[in-house]
Each structure stands twice: as C-alpha cells, then as structure tokens.
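Listed here are the chains, written in short residue letters.
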Amino acid sequence: MHAERVEKSSSLDAFLSREDQEFRFRMRDFFQSEVPSEIRAKVSAGQPLAKDDIVTSQQILNAHGLAVPHWPVEWGGKDWTPTQRYLFTEELQFNAVPLPLQFNCYMVGPVIAAFGSEDQKRKFLPRAANCDDWWCQGFSEPNAGSDLASLKTRAVRDGDDYVVNGQKTWTTYGQYADWIFCLVRTDPDAKKQRGISFLLIDLNTPGVEMRPIITLDGRHEVNEVFFSDVRVPAENLVGEENRGWDYAKFLLANERSGIARIGLSKERVARIRRRAQAKGVWDDPLFRAEVIRLEVELKALEVTQMQILARAGQGDNTPDPASSILKLRGSQLQQRASELLMELEGPAALRAPGDVTDAHGAAEEELAAAAALNNYLNFRKVSIYGGSNEIQKNIVAKTILNL
Amino acid sequence: MKALTDEHRMLQDSIEGILSSTSDADAVWTQLAELGMLGLTISEADDGAGLGLAELLLFAHGFGQAGVSTHYLGAEILAMPLLAAQSSHPAVAGLLADCVAGTRIATLALDDLAPVTATRAAGGGFVISGVKTLVPSGSKAGIIVLSASLDDAPALFVLDTETDGITRVPYEPAASGAGADVVFDAVGVDEAALLAKGDEADRLIADARARGLLAVCADMLGCMEKLLDLTVDYLRTRQQFGQPLASFQVLQHAAVDMYVELETARAMLDYGVRLYDAPQNERAHALDAVKFKLNAAAKTVGESAVQLHGGIGMTMESLTGRLFARLTADRLSFGDSRACLARLVANDASIALS
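Chains as they are written, first to last, in our numbering: chain A, -4 to 398; chain B, 11 to 364.
One or more hints might be untrue.
As the list claims (entries may be wrong) - Below, a list of computed lysine-lysine pairs in the BS3-like style, where the Cα atoms sit at most 27 angstroms apart:
1) Lys376/A <-> Lys73/A
2) Lys244/A <-> Lys376/A
3) Lys309/B <-> Lys393/A
4) Lys46/A <-> Lys187/A
5) Lys274/A <-> Lys244/A
6) Lys393/A <-> Lys207/B
By construction, these hints were calculated from the structure, which means they are not laboratory data.
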C-alpha cells in the first residue's frame, strides 16, 4: 500500500553519503512502524484529516523527539545537517505522514525561539511542539494578499494591553485553533513595513469571531477572523514593537527545505502508477507520456534540491539563489500530479463520493479515487499561498537576474 | 558546471583563452593540440592526459557557451576514447598519437541511412557497403570509425576516409556544422580494420552513445547559460517606450521561466553524469530522461531568447540567433524528444521513483 522498504540502492545515492542513506532508512522505518496506517492511508488518499489525526501523528513524532528537529536544540531540536532535515521531510511526505502542524512547528515556533522572551518560550514552545496548543496564522487580509505589507488590522496600546480591531482571512484550520499569531499595524504613520508588529492572540478572548470559508472542494479548511476591540496583554508582543515585518520575513525564510514537497509528489507519482495499472489506463501510451513528462521534471527538481543541499553543507550560510525555484516548480508539479490523478479517473470522478468522513472499511484506492476531483481543485492553492508563483517570479527577477 | 575544482577552473580558463582568440573550427583544433589539450581521457601511456568524463564535458560546455564549432564531438568525445579502449589493436597503433597531436581528426559513424554491412572478402579482409548519416565532422575527418553489421552481429571498423569507394556528402543547413553523410560503395578493407565485434562492439557503441549524449547536453547547457546572459543584458539595455525592456513584468517573468528551465536542466545533466558508470540498461533509461529534459529546457530557453531579442535575434550576425540554431541542432542530436519519450514510455521503470 505504501512505499515498501527499499534496500536497493537508488540512483540518487550518488548524492548521499552512506550515513545519510542510513539516516533515510531509519526515518522510513520509524514512519512506517510508528505512525498509524489509518492516518497515513488518509493522507495518501488525499482525504481531509480530522484534527485528531494531526494531533495524534504529531504527538507520536514529538514523543520520539521528531516533531521539531529544525528548532534550537534546547527547545527540542536536533543538530541535523540540511541534508538530514531534507531527508526527514522527504521521507515523511513519501510515507504519507502528516507534516507536524506547520503553524506551530514551522512558523510561530521558530519565531518565538528566535525573537520571543524567555517567558514566551517557556509558555509556548513545548506546547506548540506537542500540539497541545493549536496555532493558526493571521497574516492575509481582504485587501492585503500578495501585497501583505498593506495590512490594516490595528493594535493600539492602552495601558498593559493592545486593543486590536480588524480582519484576517485565509486562516487555515482556524476552527481548530487555540491561538493565532498576527501581523498588526502598531504605527499607522510609519512607512508600510515599518509600523507592523507580531502579536500572539488567544482565540478565546472576547471580540474574536471565526467564520468559515468553504472552498471549491466543498471543504472547510480556511476561515475569516474578525477582531472587535480585542484586548491582548502587551506581554504577547513578540520581540520589539514595529519590527514585526522582520520576524515575518524570518518566518517565511525559515526552513525552506521541503518547500518543493518532492516527497509528496513522488508519493503521488507512485499512486498514479498503481491506480493507472489497476484501471488499465497504464496501457494508454498518451497517458503514460504525460506521467513521464511529470516524472522527468520531478527528477530534475529533486536533483536541483540535492545540489542545493550539497552546497549548503559546504559551510556558506547565505541562502542559495537557486532555492527560489523550489516553490515555483514544486507547486507546478504537485498540481500536475493532482490533475493526472483526476484525469485517470475520467468522468467517473464526477459521481465519486468525494470526501469520506469515516474511512473505516473503504479500500484506500477507492478513497483516493473518491477525492480525486476535490484534490485537484484543492491543490490550486499551492501556487497561490506562501507567496504566489507570480511573486516568486518577481523575486527571482529582482534578486537573481537583477532585472 | 557545478562546484568546480581548481583544476577544472584552470581548464575552463584555457578554453576561454583559446576561444577568445579564434572561432574557426580548424584553428581551435590546432590550438588545443598545441596546448596538449586533446586526448584528455586517454591514458598517459597513450600520450593522453588521463583525465575523466567531467573534464571532457567541461570542454563541450565551453564550446557551447561560446557557440564555437569544433571537431570535439566526433573526435575527442566519440572516436578517441573508443580507439583508446582498443589501444592494443594493431590498427590503432600510431593513430592515437596522431589524434592527440591534432594531425589527424577521427570521428565515429553510428547511424545508418542505408544499412551498412561488412562481408568477408574471398582473399581475406572485408567489403563494406551502405550509407552512414549524421557523422559529426564527417566532412573533415581523416579517420572514420564505423559500426557495421558483420555476420548479423554488430562490429566496428576503422578506416581512412581517403579509401577508395568512400564519398562524403556534407550538409547544407548552416546549423548542421561539419556533419555529413558518408557513402560506402563496396569499400575493401583488410583484416586489421576490424576493431571489435559482438558484445565488445556493442559495449563500445553504447559507451560512445552515452558520451555523445552527455556531451551534447553539456553543449546545450553552455548555450542556454549564454542565451540567458545575453537576454538579461538585452532586457536591461534595450530601450522602448522610453524605458528599458526590463521594466516590463511580462518580460521579466519570461526571463525567469528561462532561468528555472536552465537550473533544472543543469541538475538533470549532473544526474546523467553520475549515472555514466551504471549498468547499461539503467544508464540508457536515465539518459533518455536527461536528454528529454535538456531538450525541453532548450526549447523554452532558446525560443524565449530569440523572442525577447526581437528581430535582431533572427539574424546570423547575432550570437543569440546562432546559439539558438546550435541549440536546436543539439535538440535533434543523440536523442530527439520524440524518440526519447517513446523509449521512456515503453519502459515500465519509473524515472522519479528510482
């Protein structure tokens, strides 16, 4: 059902030391033996996960010290090389293990660890690593999408509190969340990026309202959040007032390995092959040609990633310019894979049940087929969030090509 | 092409040095010979430099960047390593030294336009008939190594291109370089002309094809790097509507698309180089994927370079135009996209999951 334990050497082993190869196999064994197969089957099938699935999986990882390997060691991190971090994420994705909650582990956690007060670290980091608190992100606003720095949500200092008014949107899993980390405007007179602060807000505070947004796939994944005179203790400010933009940039630059989601796309390719063979679509050379085109680009991106890691391992800590293409091309390949999974179902995708809340008893293949249409629709998001592909191109044009 | 060693950097500097002084194929060849830079992969015992594939490809890459035609593909990449692998063969004696000295140019002819067969002659030796096609430097080479069917098995022969019965038909299109068809009309050769046969010939041919494919890909990478540089420079300097072209976002994004293709193609070539020593079937499968990727990148980078240059990119005077033509010729050599894709589709092994 899932990737089998493969001991045979892979053609990419030429890029990996023996130690790294062993590390990869250790991670593979761990994911396959410790993370419940029901959860992995849902991930692999592209069925939506329940809150409990994500919490359970993360707590298993955390119990083995593997939820936040990229954090500082004193807060539960591992002193891994960039290659090991990448292999960890790739194996996790390839074995259809849910990524530890990104908002906790890849966003607010590293920011608090780097810029937060000692009190904040003690209060928030262990709970974030264990998913005891569920965090969500309050960055985008209705009129601040790609142009994030034009955000308008205001926080006005009043005694020991900030009073927050405004609206955030596209808040993923806000319905599950306990806390939200927000970019808020604290100095309306300063230039765009200058007057922004990074504020942690308890979602149980009076004046916070969460409203669902139903996306094209019929799922409730994202939300709008409204703030009306929400009083936030000033101790929940991270770092310095009006420096929030710097922390946001740090957050976006933090932990880029895995942003191409190569492991996930490889898992999808394996599924495409299995499903196409089961349905007899694999005999169609035109379909196979489309799969080959995807596979060739995926291999090229994987080697690009390996080369970036090899250079990162050589000491120099400046971000590699070539890494900017990982999100751009990686998102295109994820989308293409989701499209091929839909195309191989053909019109039958229209009459499939879609999302299945209770997966018990259903064959994984059927679950995957059921969600093929929803997943295609859902995956249009990956070239939009986290800096749209057009923004990525602007960045490459400016920083690499000097245009 | 990736992290360069100091030795590679020195080699690269010498290539640039030569190419800055001349762009004539024969003159480049003479200079390479004079500087002792032919026979890179040939062992020192056979007068060569004893270097590896990576160094060979560095040269191919340099020629691609400069858009300079040489006899590199036919001689240094294809024929000479093959001859060196058979260096104890009587027909090769003396030949290699001449090749390394640059006094004779050898090439390798693998593709048939009309089946090339060798039959045993009554008085000993062989008679070769048929037509070879797409022979690199085929119009200039003095030595030709060719594949031919002998007793229904593959065989390799080496002969002088002045031998009676050989006619060469050079190609007309400017982008075709010094390539040619070579016609063999009952060419009589002696027993010693047979270099290898059967499995040994098969292996030598497969190795040569793999080297040729990688060299063409390295050439393409050089072409694409230069095309992106030229295009970015042009966007920055060319003024229209009172502003540099670079100020238009649609043109910036087209240049970024070129960059993404270039970098992923660079990685894919590295993958191919690392697989050169893999088992023959695995290597051939991977190299089809490598060439398919390089071809796809070449289409985007080449076509966009000309498009973003506008009319000037269409001229023979423009390096951009010439590099695009060269890149296009490369796309068709040692694996065109259709043929690569057909083989990849016919093979059940996964590229992405291997």
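Hints, one by one, checked against the model:
no. : hint                  : result
1   : Lys376/A <-> Lys73/A  : 31 angstroms, violated
2   : Lys244/A <-> Lys376/A : 21 angstroms, holds
3   : Lys309/B <-> Lys393/A : 24 angstroms, holds
4   : Lys46/A <-> Lys187/A  : 36 angstroms, violated
5   : Lys274/A <-> Lys244/A : 46 angstroms, violated
6   : Lys393/A <-> Lys207/B : 57 angstroms, violated
The earlier numbered hints that this structure contradicts are 1, 4, 5 and 6.
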